[in-house]
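*Asks:* Starting from the two chains in their separate frames, assemble the complex, guided by the hints.
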Amino acid sequence: MTDTPEEQSEDFSEEVEAEVPEPEMFGCPMTESRGQLVLHVARDRYLDVAKQLADEGYAMCVDLTAVDYSEYMDRSLPASVTPERFEVVVNLLDITHTRRIRLRTQVPETDATVPTLFDLHPGTEAMEREVFDMFGISFDGHPDPSRILMPEDWNGYPLRKDFQVGTIPVQFKGAAS
Amino acid sequence: MTMIADEGAQELRPRSELTARELLREVGSVLRLSEADAAKLGDLPEDPDEDQTMVINMGPSHPSTHGVLRLMLELQGETVLRCKPIIGYLHTGMEKTGEQLTFMQGGTNVTRMDYASPLNNELVFSMATEKLLGIDGDIPERAQWMRMLLSELNRMSSHLLFMATNGMDLGAVSMMIYGWREREEVLRFFQKVTGLRMNHNFVRPGGLAADLPPGWRDDVLRILDLLPERLEEYDILMTGQPLWRERLQGVGVITPSEALALGATGPILRSTGVEWDLRRHDPYLRYDEVEFDIIVGSYGDAFDRYAIRLNEIRESMRIVHQILDRMPEGDYRIQDKKVTPPPRARIDESMEALIHHFKIFTEGFKVPEGEVYVAIESPRGEIGCYIASDGSPTPYRMHVRAPSFVNIQCLPHMMRGGLVADAVAVISSVDPVLGEVDR
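As you go down the protein sequences, you meet chains A and B in turn.
Heads up: the first sequence is residues 1 to 177, going by the working numbering.
Heads up: the second sequence is residues 1001 to 1439, going by the working numbering.
So that you can see chain B by itself, here it is in the shape it has in the complex (with noise of 0.2 Å):
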C-alpha cells in the first residue's frame, strides 16, 4: 500500500502563504459570482496587510457551534474576511462500522448520525436496503403511511429544536424552554411507539419495528391540537419583533446559483427562491397523495430559513391531518420470511418460524449483489443513502450523503463580509448537526 503524506493543513492558513489564486478559490463559488455580484466584492477591504487582521478560533466547544464545529475566522475589526470550517471532531467511523453491521443491524448506526431527526436516517437506510433487495413496490400501505407520520412528527420534532437552539442563539433564552417543551410532546410519542426517544432503530427493511400502539391517534391529535397556538406564540415572540428581525434580516445571505454551486439543499437552498422538495419532485412513500405546500423564501438571509422552517412545522401538521384520516389497515412489515421476522405469535407454533427467526437475527439477510443511491428529504436537506452490496448479509460499502455535511461548506459564503457577532445567527440558520457532519 503506498501511503500518500499529508498533503496540507486542515487549518486556515495565513494570507501570506497563499497565492492570489488559491485565496480566491478558498472563496470557493467566487468563481461562479455574476459580475454584478463580483463588483459587489470590491466594498470589502480585500486583501488587506496581515498586521491589520487577526485569526481567532470559534469554538471547538462554543455554546452556539451546536456541538463541536470549529471555525476559524480571519478578522479586520468586527468583519468577516474569510472563515473556515474545521471538522472532525465528532467523528467516530460510522461509515467503517456499518461496513461490519448486518443489513438488520445497520438501522442502529445510522440512527445515530443526525440524532435530531433519526427516523429519516432509519428511513433512507431501510429504502436503499430495499431497493436492492427488489421489495421496494411490496411495502405495504399501512407501512408506508407509518413511516410518512414518523417522518413529519420527526420533521417537526427538528424544526422544534431548531426553534429552540436559533432563538437560544439569539439572545432570546426563555425561547429555548418553549421550543424544548414543544420538541418534548413529540419525543413523547415517539417514546410511545418506539420505546425511545431518539435513536430509535423504528423503521427497518421491509417495514417497522412494530405496529402503532393502541391510542396513539389521540396523542397525535393531542401534539395537533396543542401546536398551533404555541407557534402563534413564537410568532409573538419572535416573529413581529424589531429585534429578532433586525439580528436575522440581511444576514448570511446567499444567492440561488451559489446555493446550487454548493449542493446546499433543504430549507437553505428553499431560502433563495428556489421550489426543490424531495418530497414533492420525487415523491417517495405516498407523499404524492397528499396536500402541502414547499415554503419557499426570496432573499436567501438567516431570517428566510427561520421563517422556513417555521412554516414547515405548520406544512407537516397539515400532512399529518391528512395521514391521520387516510392511514389504512393491514400489516405494518412485509411479510417475507428472508427479510423480516416471523410474527411473534407463530414462533410459538412453527419450527420454521423459530429458525427463520433464529436466523435473521443472528446471520441477517442476504441482499443481491449492486449498488444503489436513495435519497429522501430529510428536514435539513437531501439525506441519500449510497449501499454496494457483494450479495452478503453487510453492505460492502454503506455511504451517507449527509445534509449537514454539505450544507456546512456555505458558512464561509454567508459570513464573508459580515460581522462577526451575527456569525452566530449565521452557523445557526444552517442548522447543522454535528453527528450528521462527522459522521
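Chain A on its own, in the form it takes in the complex (with noise of 0.2 Å):
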C-alpha cells in the first residue's frame, strides 16, 4: 500500500516526460471536465464503446441530448477528435459503484445520424426520439423514429441554432390591436 502512490507518482512523471499521452479509455480520449469524466468516442464506436462501458457497470443510461455547436466549430476538443456541427452527449450511470461517465460523439451536419442506444438501453427511446425531433439527428435503427414534442408536420427542428425564436407568428384572439 504505501509503496503505489509512489510508484505512480513515478510513472506519471515519466509521462509527462514522454510529452502529450493523452488519457483514454478504450481508446477514446478522456478529458474532465469540472471534475466529471468525458468520453470523446468516435462515432463508428459509439455503441461499441456503450456496450463495453454497460459491461463495466455502467448500466444505466440516464440522459441522451445533443448539442448543437454550429457558432462554436473551433471549440477546444482533444487532439484526436475533429469538431463537428452536432454532439450527442450521453450520461452513463453506474449504480452499484456510484459513478458517472458523460459520452461526447461528433456528429457531422451532412450525415446526421447515430446508431440507436435502443437494443442496449431500452429507455433512451424517448429521448433519441426528442434529440430526433429538436435537432433532427436521426438514430439508426430506432424503432419509432417519429417527433415526440413538436406536431408531426412540423418544419425544421426547434433546438437547431438556426432557427430563431420568434419566427412563428403569434395570433393573440380578442387583444386589442
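Some hints here could point you the wrong way.
[As the list claims (entries may be wrong)] Far from chain A, by Cβ distances over 10 Å, these chain B residues were calculated:
| id | residue |
| --- | --- |
| 1 | D1051 |
| 2 | P1060 |
| 3 | H1062 |
| 4 | R1070 |
| 5 | G1093 |
| 6 | L1132 |
| 7 | D1138 |
| 8 | R1217 |
| 9 | D1225 |
| 10 | D1288 |
| 11 | Y1299 |
| 12 | I1334 |
| 13 | F1358 |
| 14 | R1397 |
| 15 | V1420 |
[What the hints assert, rightly or not] Pairs of lysine-lysine, DSS-like flavour, derived with a Cα cap of 27 Å:
| id | chain 1 | residue 1 | chain 2 | residue 2 |
| --- | --- | --- | --- | --- |
| 16 | A | K161 | B | K1096 |
| 17 | B | K1366 | B | K1337 |
| 18 | B | K1366 | A | K161 |
| 19 | B | K1359 | B | K1337 |
| 20 | B | K1366 | B | K1096 |
| 21 | B | K1359 | B | K1338 |
| 22 | A | K173 | B | K1096 |
| 23 | B | K1366 | B | K1338 |
| 24 | B | K1096 | B | K1359 |
It is worth saying that the hints were derived from the structure and are not from the lab.
Quick caveat, the model's predicted, so the values are computed rather than measured.
Don't be surprised by glycine CBs; every beta carbon is placed ideally from N, CA and C.
*Replies:* See below:
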C-alpha cells in the first residue's frame, strides 16, 4: 500500500516526460470537465464503447441529449477529435459503484445519423426521439423514429441554432390591436 | 440546412402495419426479460386478429391523466395489449427559452417545468451553474441547510399532492380534499418564505433570494406537529382498506431489470427493491450529515409506489426535524460580487454596490466555458441539468433531464396484460407531471 502512490507518481512523471500521453479509455480520448469524466467517442465506435461501458457497470443510461455547436466549430476538444456541428451527449450511471461518465460523440451536419442505443438501453427510446425532434439527428435502428414533442407536420428542428425564436407568428385572439 | 422528412407517425400503429420484429421492439424491454418472464408472455393473447382488438384514445384531456397525457391503448376485451403514451401537448420549448435567458433569469424558466416540485428544479439548475462557476464548494452553510429544508418540504408537498390525486384516481375522492389540505399547509409556508405558492425562483445561483422570515421555525414545527396524525388518517382511510389494496396490489408490476433498463428512477425504481437514492448514494448539500432511511418496496407494483411515497413523507419530516436542530447562522448566499447582488443596505452607501447590482440584473453574470451534468433526487426521481456554457451570461445549451419524461416510458410495460380499469391506477402510480414531460 505504501509503495503504490510513489510508484504512481513516478509513472506519471515519466508520462509527462514522454509528452502528450492523452488519457484514454477503450481507445477514446478522455477528459475531465469540472471533475466529471468525459469520453470523446468516435461515431463508429459509439455503440461498441457503450456496450463495453455497460459491461464495466455503467448499466443505466440516465440521459441522452445533443448540442448544436454551429457557432463554435473551433471549440477546444482533444487533439484526435474533429469538431463537427452536432454533439450527442450521453450520461451513463453505474449504480453499484456510484460513478458517472459522459460520452460526447461528434455528428456531422451532412450525415446526421447515430446508431441507436435502444437495444442496449431501452430507456433511450423517448430521449432519442426528442433529439430527433429537436435537432434532426436520426438514430439508425430506432423502432419509432417520429417526432415526440412537436406536431408531426412541423417544419424544422427547434433547438438548432439556426431556428430563430419569434419566427412563428403568434395570434392573440381578442386582444386590442 | 438539410430537411429530413418526418419518418413516422406518432400514433400507435395497427398491427397489420408492423413486422413481428417491430412489434416486439415496440414492447421495448421485452428484449431484456428473463426466460421465465418471457414464458409468462404466453399467457397473453399474443397477436390476435385485428378485428378482435380495438385501439382507443385515453386523453389528452382525461381527468386522470394528470394534465394532457394521451394514451393510445390497444384493447382486447378489457385487457390492454399495447399502450403508447403520446406527449407534447404542453410543449412550450422551455429548453430553447433557457438559451435566451441569463443564468440569473434561468430559475424562472426551470421552476415551471415540474410545477409540483419547483424548488428542486431551481436547485438543480443553480447547482449546475455553480459547478460551472467553480463556486460549488463556497456556498455558505446556512444556504445549504436552507436549500435542504425547502427541498424536503417540497418533497412532502409533492408527495401529498400525489396522495390527493392517487386517491381521487382510484375513487377515494375525499382523499383529494385531504391531500390538498395538507399540501396547502406546506405551500402557505412557501408563500411566507418566497412570496409565492409555486414557481418560486427562490433558489438561485450562489445561494437563495432571501433569508428565512422571522417565525419560520414555528411555522415548520406547526406543519411537523400536524402531519403525523394526518398521515395516520391516510393509513386508516387507504393503506389498510381491502378495497384500496385490491385496486393497487399486483397492478402495474415492473421488475428491477426492466426499471433499470428503462432508466426509471425515484419511487418507481425503489418500488422494485433497488435501493437507489441520490441523497444517500451521491450526497449533495448536507444530506450526508442527516439520518434518514431509504424506503424500498419489494413487488414493484402500484401499492409499493404508494406506500413508498407515503413513508417518504415521514422520512422527509425526520430530515426536517434534524435541519431545524442544526440550522446554522450565517449568510444565505455567497458574497461574490460577480454572482450575487450586494446586500440592499450597501446599495445606498456604495457606488460600486449600485453598479454591481445594476450589472447583475441587466447583463447577468458571465459563466466560464464548459459543460456539466448535475443530478439531484427530486420527488419523482433523478432530475438532472446539463448546461453547456460558452462564456457568455446565457447558457449555450440548457437541458433538463426530466424524471417524468423518462419514467413515463414505463407505462407500456406496466399496463401490458392489465385491465383497462387499472390503467388509471398505473398512470397515477407513476405520478408524471406533464409540465416536466413536455417542457
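*Asks:* Next step is simple, just say for each hint if it's right about the structure.
*Replies:* Verification of the hints:
1. D1051: Given that every Cβ of chain A is farther than 10 Å from that of B:D1051, nearest at about 25 Å, it holds.
2. P1060: Since the minimum Cβ distance to chain A is about 13 Å, B:P1060 lies beyond 10 Å and the statement holds.
3. H1062: 20 Å, holds
4. R1070: 12 Å, holds
5. G1093: Since the minimum Cβ distance to chain A is about 6 Å, B:G1093 lies within 10 Å and the statement is violated.
6. L1132: 7 Å, violated
7. D1138: Since the minimum Cβ distance to chain A is about 14 Å, B:D1138 lies beyond 10 Å and the statement holds.
8. R1217: At roughly 34 Å from the nearest Cβ of chain A, B:R1217 sits farther out than 10 Å, so the non-interface label holds.
9. D1225: 36 Å, holds
10. D1288: 13 Å, holds
11. Y1299: 20 Å, holds
12. I1334: Non-interface label on B:I1334 holds, nearest chain A Cβ at 17 Å vs cutoff 10 Å.
13. F1358: About 26 Å separates B:F1358 from the closest Cβ of chain A, which puts it past 10 Å; holds.
14. R1397: Check fails; 5 Å does not lie beyond 10 Å.
15. V1420: Answer for B:V1420: holds, closest chain A Cβ roughly 23 Å.
16. A:K161 - B:K1096: 9 Å, holds
17. B:K1366 - B:K1337: Distance of about 12 Å is within 27 Å: holds.
18. B:K1366 - A:K161: 20 Å, holds
19. B:K1359 - B:K1337: 10 Å, holds
20. B:K1366 - B:K1096: With a Cα-Cα distance of about 19 Å, the restraint between B:K1366 and B:K1096 holds, given a limit of 27 Å.
21. B:K1359 - B:K1338: 9 Å, holds
22. A:K173 - B:K1096: Measuring from Cα to Cα gives roughly 25 Å; hence the hint holds.
23. B:K1366 - B:K1338: 8 Å, holds
24. B:K1096 - B:K1359: 24 Å, holds
Consistency with the previously given hints fails for numbers 5, 6 and 14, ordered from lowest to highest.
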